[in-house]
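Trainee: Here is what each chain is made of, one letter per residue.
Protein chains: 2
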Amino acid sequence: MLTYDLTGTKDSLYKQIYQNIREDVRSGKLSAHEKMPSKRALAQNLNVSIVTVEHAYDQLVSEGYLYSRARRGYFVSDIGDLERRKPPKPVSRDIRIPEEAPGLLFDFSSNRTEREHFPFSVWARLMREVISLREQDLLVKAPCSGVDELRQAITDHLASFRGINVDPAQVIVGAGTEYLYSLLVKLIGTDSIYCIENPGYRKLMKIYDSNGAPCVYAGLDEQGIRIDQLRSSGASIAHISPTHHFPTGITMPAARRYELLAWAYESQDRYIIEDDYDSEFRLSGKPIPALASMDAGDRVIYMNTFSKSLTSTIRISYMVLPENLANLFYKKLSFYSCTVSTFEQYTLAAFISQGYFEKHINRMRRYYRKKREKILEVIREVFDGKDYRILEKDSGLHMILEFNTNFSDRDLKAKLEEKQIRIATVSDYYMGEAPEETHQFLLNYSNIDIESFPYAMKAIRELL
Amino acid sequence: MLTYDLTGTKDSLYKQIYQNIREDVRSGKLSAHEKMPSKRALAQNLNVSIVTVEHAYDQLVSEGYLYSRARRGYFVSDIGDLERRKPPKPVSRDIRIPEEAPGLLFDFSSNRTEREHFPFSVWARLMREVISLREQDLLVKAPCSGVDELRQAITDHLASFRGINVDPAQVIVGAGTEYLYSLLVKLIGTDSIYCIENPGYRKLMKIYDSNGAPCVYAGLDEQGIRIDQLRSSGASIAHISPTHHFPTGITMPAARRYELLAWAYESQDRYIIEDDYDSEFRLSGKPIPALASMDAGDRVIYMNTFSKSLTSTIRISYMVLPENLANLFYKKLSFYSCTVSTFEQYTLAAFISQGYFEKHINRMRRYYRKKREKILEVIREVFDGKDYRILEKDSGLHMILEFNTNFSDRDLKAKLEEKQIRIATVSDYYMGEAPEETHQFLLNYSNIDIESFPYAMKAIRELL
Numbered sequence: 038m039l040t041y042d043l044t045g046t047k048d049s050l051y052k053q054i055y056q057n058i059r060e061d062v063r064s065g066k067l068s069a070h071e072k073m074p075s076k077r078a079l080a081q082n083l084n085v086s087i088v089t090v091e092h093a094y095d096q097l098v099s100e101g102y103l104y105s106r107a108r109r110g111y112f113v114s115d116i117g118d119l120e121r122r123k124p125p126k127p128v129s130r131d132i133r134i135p136e137e138a139p140g141l142l143f144d145f146s147s148n149r150t151e152r153e154h155f156p157f158s159v160w161a162r163l164m165r166e167v168i169s170l171r172e173q174d175l176l177v178k179a180p181c182s183g184v185d186e187l188r189q190a191i192t193d194h195l196a197s198f199r200g201i202n203v204d205p206a207q208v209i210v211g212a213g214t215e216y217l218y219s220l221l222v223k224l225i226g227t228d229s230i231y232c233i234e235n236p237g238y239r240k241l242m243k244i245y246d247s248n249g250a251p252c253v254y255a256g257l258d259e260q261g262i263r264i265d266q267l268r269s270s271g272a273s274i275a276h277i278s279p280t281h282h283f284p285t286g287i288t289m290p291a292a293r294r295y296e297l298l299a300w301a302y303e304s305q306d307r308y309i310i311e312d313d314y315d316s317e318f319r320l321s322g323k324p325i326p327a328l329a330s331m332d333a334g335d336r337v338i339y340m341n342t343f344s345k346s347l348t349s350t351i352r353i354s355y356m357v358l359p360e361n362l363a364n365l366f367y368k369k370l371s372f373y374s375c376t377v378s379t380f381e382q383y384t385l386a387a388f389i390s391q392g393y394f395e396k397h398i399n400r401m402r403r404y405y406r407k408k409r410e411k412i413l414e415v416i417r418e419v420f421d422g423k424d425y426r427i428l429e430k431d432s433g434l435h436m437i438l439e440f441n442t443n444f445s446d447r448d449l450k451a452k453l454e455e456k457q458i459r460i461a462t463v464s465d466y467y468m469g470e471a472p473e474e475t476h477q478f479l480l481n482y483s484n485i486d487i488e489s490f491p492y493a494m495k496a497i498r499e500l501l
Numbered sequence: 038m039l040t041y042d043l044t045g046t047k048d049s050l051y052k053q054i055y056q057n058i059r060e061d062v063r064s065g066k067l068s069a070h071e072k073m074p075s076k077r078a079l080a081q082n083l084n085v086s087i088v089t090v091e092h093a094y095d096q097l098v099s100e101g102y103l104y105s106r107a108r109r110g111y112f113v114s115d116i117g118d119l120e121r122r123k124p125p126k127p128v129s130r131d132i133r134i135p136e137e138a139p140g141l142l143f144d145f146s147s148n149r150t151e152r153e154h155f156p157f158s159v160w161a162r163l164m165r166e167v168i169s170l171r172e173q174d175l176l177v178k179a180p181c182s183g184v185d186e187l188r189q190a191i192t193d194h195l196a197s198f199r200g201i202n203v204d205p206a207q208v209i210v211g212a213g214t215e216y217l218y219s220l221l222v223k224l225i226g227t228d229s230i231y232c233i234e235n236p237g238y239r240k241l242m243k244i245y246d247s248n249g250a251p252c253v254y255a256g257l258d259e260q261g262i263r264i265d266q267l268r269s270s271g272a273s274i275a276h277i278s279p280t281h282h283f284p285t286g287i288t289m290p291a292a293r294r295y296e297l298l299a300w301a302y303e304s305q306d307r308y309i310i311e312d313d314y315d316s317e318f319r320l321s322g323k324p325i326p327a328l329a330s331m332d333a334g335d336r337v338i339y340m341n342t343f344s345k346s347l348t349s350t351i352r353i354s355y356m357v358l359p360e361n362l363a364n365l366f367y368k369k370l371s372f373y374s375c376t377v378s379t380f381e382q383y384t385l386a387a388f389i390s391q392g393y394f395e396k397h398i399n400r401m402r403r404y405y406r407k408k409r410e411k412i413l414e415v416i417r418e419v420f421d422g423k424d425y426r427i428l429e430k431d432s433g434l435h436m437i438l439e440f441n442t443n444f445s446d447r448d449l450k451a452k453l454e455e456k457q458i459r460i461a462t463v464s465d466y467y468m469g470e471a472p473e474e475t476h477q478f479l480l481n482y483s484n485i486d487i488e489s490f491p492y493a494m495k496a497i498r499e500l501l
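Residue numbers (the working numbering), protein chains in the order written: chain F, 38 to 501; chain H, 38 to 501.
Be aware that a few hints might be false.
For identical chains, the list gives no copy identity; a pair is met inside one copy or between any two copies.
As a list, the in silico PhoX-like pairs of lysine-lysine whose alpha-carbon atoms are at most 20 Å apart [stated by the list, open to error]:
# : residue 1 : residue 2
1 : K407      : K456
2 : K408      : K368
3 : K408      : K495
4 : K407      : K243
5 : K76       : K323
6 : K72       : K368
Please keep in mind that the hints were generated in silico from the structure rather than gathered at the bench.
Given these sequences and hints, build the entire structure.
Mentor: Shown next as structure tokens:
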């Protein structure tokens, strides 16, 4: 008769009996098809209630360690000797989440926006309102493209501020542009070749690559992506940022825009992905109309994100699909659930439609305009008007500084790191071979402490 | 001299001048390289201030419709005749978001949980607390795998309730399991073949397909997936639900689990994806330990979601990667941002670590246990113990009813639809050829109104 010591642990009697028997089956001490004692007999032997033994037996049957036969009782299952086979290697669990590069005093290479500027109290109030007043809506599953109210708010915003007139059904909401790029590859397919700008946002190549989509690049001239290189790349999808190219800051002029649209109209399978990631932060003049607003042929896929204009910790982006792609999306990919929770979709819808988004953007624009002026002033003073040139300063939250120096880009960067200053060069953003040293440095000023900025500039000046 | 009527619209003078000139450049009325009037001359002619004309000219230069030459003034850009080229087809924008199938009185085919049970007031309170007290944390970007607190809370939960002991660094948080499947395909690659269960959750095949991953299926016997078919499929990844297979309800017994693990240990590239989607709702006995808890060889990828156990409108799921895959993930895919907003990650972390998740699950289990008893009672009464059999009723929120009927599955379904009753058959969940008519129907009772349930059963009984 099975006998176990049930006094040792704090576990319930049922659990101890279950674990002891399971161990005996696993180890082979109880062999396959052996008859188990009856519930009554085991209960008597262990001095527990029959119900306790019954619970343990039931659980062991559920998990497949015992089986029962009507009127004959319980038997040991044949679990083979597989359990006793050695696993292929010992488990050590040596995993490290990669840490962020150590913080420096000045990081001009980071394009994060200052988080203090997120309109937290308004957002928190709207979220509380949504939670209090919209309980029923919040618990209804969103359409695959996002909740109606948010798509309507985005549609209205696009009409007022980007000159784009679309149907809310064309707007697809998702948890970040990276997610939407994946969705686009699923929609358009991996037979198409995707072309990005060179220099450009190198992460895009990694994203297309990890989605199994062939990705090539085309060079730029002073108007933006070169149509001849786009053609010779064999790509049918051009992924560009015409309002504000990163990192050169180029704003694509009308002529090149029409040329690019004409390229797209030549063939049914050509599309332009317009990544409008920081158009809200154009600091001079009126915003440049989106390429999508000039597209009478329905070939521009417009993309934008609130993770840039609000805070990177809110993961909401959207894309506007041309009619045929929108219909294909609903036909082919509507089984995918929308990746943004309804709580945040309703909060953002209220934030936009009640005018807070516009206010926020205007406030940020005024703030960054002042900051930019102050930064330009410091540079002028420190450099006394010599040995530098400022390029492309109007269109977003970074500018490019060209230094007159004998150091190579790499040496200058290394020497600045020693002084706790990190700076990226335009040549860092080239895929393939970078051109000869340009001495052009990115100055992201969105996240820079203006008070100590003169210190950084003086340190750079001394080095040159 | 250019003359425009500036009295017609409500737009600002600057905007009207800008729009009129832009239109003239586009239409060719102003021809390429034509010299524009000086700002002063045009201002006089239109009777506006020079600053107004300057604004309009600056904007037109930004957009590339004009260019300026120092000391010579402004000229019309050459935008070619591309703008006047016809787009390839007229835009009609006929897009319809697919509607949900019209609601019926009874939909036994839907497995949604009752949304009234979401612990809204606790969730709302925690969210308010997070918003009030955690402002700083909320605005710090989360690690690619999710915020530390949430991964720790999930790790603790898994140790207590699923017998799985892991390092929080192995836990990857994402916006829904569908998103995590895509991430897994990116991690493991599309050279591997993925095998799902047949019958099974057919959406999985669509998901693998849309991610470009080859997907095959293997049949089941009464213990779950057949190892012989898994072997002959050539797959190296087995995607299964051992705790509660959908739709058959099979709980994989220990013997098959060990057999499956042994299969995985045979080759370095084999993995098992354990989709534990409704293990929380096991209504009889103790929960079945997860397959991952038996895996000494680090080959099980464990997956679960809060969208099922809480509400489908909150998109938070997670997977637990074996050590080698976790390291590969951080090496290869850490450039992807976490897709869940920090607001909800912190709220969920508090919800779990303060014990509310456990309480919620226990409450739901009691509730569904009662509901299930009531449902079984109604079925017994209506059918008077005849012409039906109930299969697999213990393990989750659905059971399978086998009817004694001469109708084909298809005919019975059609006749029931006429009576506003939708029911799915097990044969609906087969890929490839379904077996002969089994007359087995799924009864999802998670979303069924118990008060009118007898009406539905009587209608079915009458039909048979």
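Trainee: Take the hints in turn and mark each one as holding or not.
Mentor: Each hint tested on the structure:
For the homomeric pair K407 and K456, neither the shortest alpha-carbon distance inside one copy (27 Å) nor that between copies (69 Å) is at most 20 Å. Taking CA atoms no more than 20 Å apart as the test, K408 paired with K368 passes in neither setting, with 48 Å inside one copy and 37 Å between copies. Taking the closest pair of Cα atoms, K408 and K495 come within 20 Å of each other only inside a single copy of the chain (18 Å); across copies the shortest separation is 74 Å, beyond that limit. Within a single copy, K407 and K243 get their C-alpha atoms no closer than 36 Å, and across copies no closer than 52 Å, so neither meets the 20 Å cut-off.
Taking the shortest alpha-carbon separations for K76 and K323, only the inter-copy value of 18 Å comes in at or below 20 Å, while the best intra-copy value is 83 Å. In this homomeric assembly, K72 and K368 never come within 20 Å of each other (Cα to Cα): the closest approach is 57 Å inside a single copy and 52 Å across copies.
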